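Engineer: Here the protein sequences line up with chains A and B, keeping their order.
With this note's numbering, the residue at position 62 of the first sequence is 62, and numbering never jumps.
With this note's numbering, the residue at position 93 of the second sequence is 93, and numbering never jumps.
For the record, the hints were derived by calculation from the structure and aren't laboratory data.
Treat the hints with caution; some may be incorrect.
[Claimed, not checked] Straight-line Cα separation of at most 20 Å, DMTMM-like style, residue types lysine to aspartate or glutamate; simulated pairs:
1) B/K151 / A/E82
2) A/K91 / A/E112
3) A/K48 / B/D85
4) B/K147 / A/D64
5) A/K120 / B/D136
6) A/K204 / A/D190
7) A/K204 / A/E170
8) B/K75 / A/E49
9) A/K48 / B/E138
What you are looking at is a predicted structure, and each value in this text was computed from that prediction instead of being measured.
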Amino acid sequence: MFPTGRNHSIPALKNISLAIETGEFFVFVGPSGCGKSTILRIMSNLEKEYRGTLTYSPDLALSDISFVFQQFALLPWLTVYENIELNLIAKNIPEPLRRKNIQRELKRFHLEKFSSAYPKELSGGMRQRVGFARALATDPKVIFLDEPFSELDSFTAQELRKELLHIWEEQKVTIIMVTHIVEEAIELADRIAIMTPRPGEIKKVLRNTLGRPRIRRSEPFYTIEDAIYATIHP
Amino acid sequence: MRKNHHIYRSWIQIGIVFAFILVPFLAMLAFSAIADIALSDLFSDITSSIVRIFIAYVIAALLAWGCAVSFYRGKISSVALPIFDILQSIPSFAALPIAILYWGESNFTVIVFLVLAIIWPIFFSTVSSLRLIKHDWEETIQIAGLKGFKKFIHFLLPASIPGLITGSIVGLGEGWEAIVATEIIVHLHSGVGNFFLRFSQDTTITVLGMLTLLIIIFSINKLIWLPLLEWSHRRLEE
Numbered sequence: 001m002f003p004t005g006r007n008h009s010i011p012a013l014k015n016i017s018l019a020i021e022t023g024e025f026f027v028f029v030g031p032s033g034c035g036k037s038t039i040l041r042i043m044s045n046l047e048k049e050y051r052g053t054l055t056y057s058p059d060l061a062l063s064d065i066s067f068v069f070q071q072f073a074l075l076p077w078l079t080v081y082e083n084i085e086l087n088l089i090a091k092n093i094p095e096p097l098r099r100k101n102i103q104r105e106l107k108r109f110h111l112e113k114f115s116s117a118y119p120k121e122l123s124g125g126m127r128q129r130v131g132f133a134r135a136l137a138t139d140p141k142v143i144f145l146d147e148p149f150s151e152l153d154s155f156t157a158q159e160l161r162k163e164l165l166h167i168w169e170e171q172k173v174t175i176i177m178v179t180h181i182v183e184e185a186i187e188l189a190d191r192i193a194i195m196t197p198r199p200g201e202i203k204k205v206l207r208n209t210l211g212r213p214r215i216r217r218s219e220p221f222y223t224i225e226d227a228i229y230a231t232i233h234p
Numbered sequence: 001m002r003k004n005h006h007i008y009r010s011w012i013q014i015g016i017v018f019a020f021i022l023v024p025f026l027a028m029l030a031f032s033a034i035a036d037i038a039l040s041d042l043f044s045d046i047t048s049s050i051v052r053i054f055i056a057y058v059i060a061a062l063l064a065w066g067c068a069v070s071f072y073r074g075k076i077s078s079v080a081l082p083i084f085d086i087l088q089s090i091p092s093f094a095a096l097p098i099a100i101l102y103w104g105e106s107n108f109t110v111i112v113f114l115v116l117a118i119i120w121p122i123f124f125s126t127v128s129s130l131r132l133i134k135h136d137w138e139e140t141i142q143i144a145g146l147k148g149f150k151k152f153i154h155f156l157l158p159a160s161i162p163g164l165i166t167g168s169i170v171g172l173g174e175g176w177e178a179i180v181a182t183e184i185i186v187h188l189h190s191g192v193g194n195f196f197l198r199f200s201q202d203t204t205i206t207v208l209g210m211l212t213l214l215i216i217i218f219s220i221n222k223l224i225w226l227p228l229l230e231w232s233h234r235r236l237e238e
């Protein structure tokens with residue numbers, strides 16, 4: 001609910017009913033203001049002011065959840081290494097294992113040379129690599145991503161999308177992502193929830209059975225794209 | 001901490017730093033000669049005042065920071081902050097004569113009133129810097145699951161340092177103001193207040209004494225607080 005003044009509030013989301021499978025790549029797509037970010041924050045337990053129920057499967061604890069933020073959300077007083085380490089410290093992971101996991105992620109995202117740099121010394125693309133490294137260092141079972149590529153240049157975005165797909169296929173994590181870019185949703189998702197604003201609703205959940213790797217300039221790709229646009233603007 | 005955060009960028013700056021250490025001493029020397037006071041007397045008066053301010057500052061900073069971190073947000077803050085606002089508006093110096101009756105003409109009395117003068121700027125400035133913490137950062141901490149003492153050390157402390165330092169600069173300014181008055185009223189036999197009381201008949205010495213004090217306070221600010229302020233802001237730059 002968004003408060004709109006004294007004693008009034010309008011619902012940001014309405015009639016949302018959804019189950020996400022383990023290991024699924026699930027994407028919410030929709031224009032701004034459709035509540036897709038809010039839904040992600042409710043599902044990841046960041047937002048607690050809502051009416052309804054949220055159930056995790058019994059083997060999923062809150063500490064198994066990671067989050068990648070649109071604006072990276074790195075702490076400026078910590079180095080790259082320390083930013084990644086903070087999540088591990090919070091989970092009481094002993095120092096040798098911390099170091100091992102951090103080195104693994106630094107390597108994966110080509111950040112080894114920058115481990116003692118501060119976020120402000122890095123480009124946007126590098127910062128989001130740190131954001132990904134931080135999210136993955138805790139070996140999460142579920143990763144939430146809130147428009148993780150929208151602040152990046154298209155080359156870096158493309159590279160990170162590939163990396164993300166690779167990680168997803170390799171580690172069998174569940175990925176739940178939000179985007180306003182339709183092509184991005186089609187390229188990545190198993191299922192796409194198409195949302196519309198005022199009030200935020202899921203218009204349709206589309207199963208995307210295109211084989212991977214998905215080619216953007218192809219007939220089946222365009223067909224899905226048209227279907228999504230038609231759902232948003234009937 | 002990054003090693004290439006130079007405070008002293010060049011020899012010129014080292015020279016300036018020396019000047020700020022040297023000038024206050026020269027000022028004291030000149031003053032003691034003009035006013036015909038033994039340098040040791042002057043030095044011990046200033047030192048005892050600085051020690052009192054320092055003790056009061058440490059107490060005030062710890063209390064203010066602790067309260068700020070505990071009450072800056074959440075349901076409790078909507079009750080606590082108005083209460084603190086009323087408390088800071090209390091004209092506490094009105095209670096000084098009564099305090100002297102109870103606690104005597106003692107260091108304790110002076111320090112209590114110094115704490116009351118120094119604490120509020122630190123508290124409110126720290127609260128405001130905590131309330132301005134980016135929502136993104138708080139979500140990061142929440143997702144990480146950082147709680148309790150770890151959250152204190154790794155998050156709230158670093159995030160509140162700019163406010164703590166800004167508040168300290170203002171608070172110590174008030175502290176210097178307050179110490180002269182308090183020491184005069186409490187009749188301590190040492191400290192700058194006592195000094196100004198002794199020479200209350202002599203306008204020249206009073207004015208020169210104020211000037212010397214100004215030079216000392218300004219030098220302390222320039223040498224310690226302004227570099228700290230710059231450092232703390234640079235740390236939080238994105």
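Engineer: For each hint, tell me whether it holds in the structure or not.
Structural biologist: Now the hints, each set against the structure:
| no. | hint | result |
| --- | --- | --- |
| 1 | B/K151 / A/E82 | holds, 14 Å |
| 2 | A/K91 / A/E112 | violated, 23 Å |
| 3 | A/K48 / B/D85 | violated, 30 Å |
| 4 | B/K147 / A/D64 | holds, 16 Å |
| 5 | A/K120 / B/D136 | holds, 16 Å |
| 6 | A/K204 / A/D190 | holds, 14 Å |
| 7 | A/K204 / A/E170 | violated, 29 Å |
| 8 | B/K75 / A/E49 | holds, 14 Å |
| 9 | A/K48 / B/E138 | holds, 14 Å |
Of the numbered hints given earlier, the model fails hints 2, 3 and 7; all others are met.
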